[in-house]
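**Student:** Listed here are the chains, written in short residue letters.
2 protein chains.
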Amino acid sequence: MLAAFVTIKVKPGSEEAFETVAKALVAKVNADEPGCKLYQLSRSDQPGTYHFMERYVDQDAVAAHRASDHYKSLGREMGQYLEGPPEIVRLTEV
Amino acid sequence: MLAAFVTIKVKPGSEEAFETVAKALVAKVNADEPGCKLYQLSRSDQPGTYHFMERYVDQDAVAAHRASDHYKSLGREMGQYLEGPPEIVRLTEV
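Order-wise, the sequence lines are chains A and B.
Read in order, the letters of the first sequence are residues 5 to 98 in our numbering.
Read in order, the letters of the second sequence are residues 5 to 98 in our numbering.
Bear in mind the hints are in silico, worked out from the structure with no lab data behind them.
Note that this is a predicted model, so its numbers are computed, not measured.
Heads up, some of the hints might be wrong.
[Claimed, not checked] Derived SDA-like pairs: lysine to any residue, alpha-carbon spacing no greater than 20 Å straight-line:
#1 A:Lys13 with B:Lys41
#2 A:Lys13 with B:Glu97
#3 A:Lys27 with B:Leu6
#4 A:Lys32 with B:Lys27
#5 A:Lys41 with B:Leu42
#6 B:Lys32 with A:Glu97
#7 B:Lys41 with A:Arg47
#8 B:Lys41 with A:Ala31
#9 A:Lys27 with B:Pro38
#10 A:Lys41 with B:Gln44
#11 A:Lys13 with B:Thr96
#12 B:Lys41 with A:Gln44
#13 A:Lys13 with B:Val93
#14 B:Lys41 with A:Val30
#15 B:Lys41 with A:Ala8
#16 B:Lys41 with A:His69
#17 B:Lys27 with A:Met5
#18 A:Lys41 with B:Ser48
#19 A:Lys41 with B:Phe56
#20 B:Lys13 with A:Val93
#21 A:Lys27 with B:Glu97
#22 B:Lys13 with A:Ile92
#23 B:Lys27 with B:His69
#24 A:Lys15 with A:Pro90
#25 B:Lys15 with A:Lys15
#26 B:Lys13 with A:Glu97
[Unchecked claim] Far from chain B, by Cβ distances over 12 Å, these chain A residues were calculated:
#27 Ala8
#28 Ser18
#29 Val33
#30 Asp49
#31 Ala65
#32 Tyr75
Using N, Cα and C, we set each Cβ at its ideal position, and we do this for glycine too.
Extracted from the complex, chain A is given alone in its bound form:
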């Protein structure tokens, strides 16, 4: 199983708008990607900081996620609210 932990910082005041788009993406991924076993949005205790926890059965499932229409369109929509690029920690489950 592969996993990722993504850190996202949003522009001050964009929290609500970001959450709306991010939650739409979470719903789509969980509904349409059988190879994705976890796609969860969380808030940290640092202001304006969010994280995605993600788990995929294999590399094909990761590729399917990145190639999906919902990832491309909602990812682009989220982009306007971000302060800098997301940081991604890529993981292999033990």
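Using the hints provided, position chain B relative to the given structure of chain A.
**Tutor:** Frame of chain A; chain B shown alone:
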């Protein structure tokens, strides 16, 4: 739902010993903690760096995890292999 992302650095050469104890802890948590919905050990692409992804139904489940015999005994056993204290990002799911 509450979550945590833990970063652990192990002493060079301790990877195998650490994994043995950490996997025993993962097995115990998944078998004995109904309030813990994910407890997963992963390796990052940085040498000697591991992560736990954790999800709990509520704060009581987090407290039960910390109070458990397996967490105390295996956590102490893991300690000898660590290079410095674990870093913990505490999360609230959106």
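**Student:** Each hint: holds or not?
**Tutor:** Quick rundown of the hints versus the structure:
no.: 1; hint: A:Lys13 with B:Lys41; in the structure: violated, 26 Å
no.: 2; hint: A:Lys13 with B:Glu97; in the structure: holds, 16 Å
no.: 3; hint: A:Lys27 with B:Leu6; in the structure: holds, 17 Å
no.: 4; hint: A:Lys32 with B:Lys27; in the structure: violated, 32 Å
no.: 5; hint: A:Lys41 with B:Leu42; in the structure: holds, 11 Å
no.: 6; hint: B:Lys32 with A:Glu97; in the structure: holds, 17 Å
no.: 7; hint: B:Lys41 with A:Arg47; in the structure: holds, 18 Å
no.: 8; hint: B:Lys41 with A:Ala31; in the structure: holds, 19 Å
no.: 9; hint: A:Lys27 with B:Pro38; in the structure: violated, 26 Å
no.: 10; hint: A:Lys41 with B:Gln44; in the structure: holds, 13 Å
no.: 11; hint: A:Lys13 with B:Thr96; in the structure: holds, 15 Å
no.: 12; hint: B:Lys41 with A:Gln44; in the structure: holds, 13 Å
no.: 13; hint: A:Lys13 with B:Val93; in the structure: holds, 14 Å
no.: 14; hint: B:Lys41 with A:Val30; in the structure: holds, 18 Å
no.: 15; hint: B:Lys41 with A:Ala8; in the structure: holds, 17 Å
no.: 16; hint: B:Lys41 with A:His69; in the structure: violated, 23 Å
no.: 17; hint: B:Lys27 with A:Met5; in the structure: holds, 15 Å
no.: 18; hint: A:Lys41 with B:Ser48; in the structure: holds, 19 Å
no.: 19; hint: A:Lys41 with B:Phe56; in the structure: holds, 16 Å
no.: 20; hint: B:Lys13 with A:Val93; in the structure: holds, 14 Å
no.: 21; hint: A:Lys27 with B:Glu97; in the structure: holds, 11 Å
no.: 22; hint: B:Lys13 with A:Ile92; in the structure: holds, 18 Å
no.: 23; hint: B:Lys27 with B:His69; in the structure: holds, 16 Å
no.: 24; hint: A:Lys15 with A:Pro90; in the structure: holds, 13 Å
no.: 25; hint: B:Lys15 with A:Lys15; in the structure: violated, 38 Å
no.: 26; hint: B:Lys13 with A:Glu97; in the structure: holds, 16 Å
no.: 27; hint: Ala8; in the structure: violated, 10 Å
no.: 28; hint: Ser18; in the structure: holds, 14 Å
no.: 29; hint: Val33; in the structure: holds, 14 Å
no.: 30; hint: Asp49; in the structure: violated, 6 Å
no.: 31; hint: Ala65; in the structure: holds, 16 Å
no.: 32; hint: Tyr75; in the structure: holds, 18 Å
Checked against the numbered hints listed earlier, the structure breaks hints 1, 4, 9, 16, 25, 27 and 30; every other hint is satisfied.
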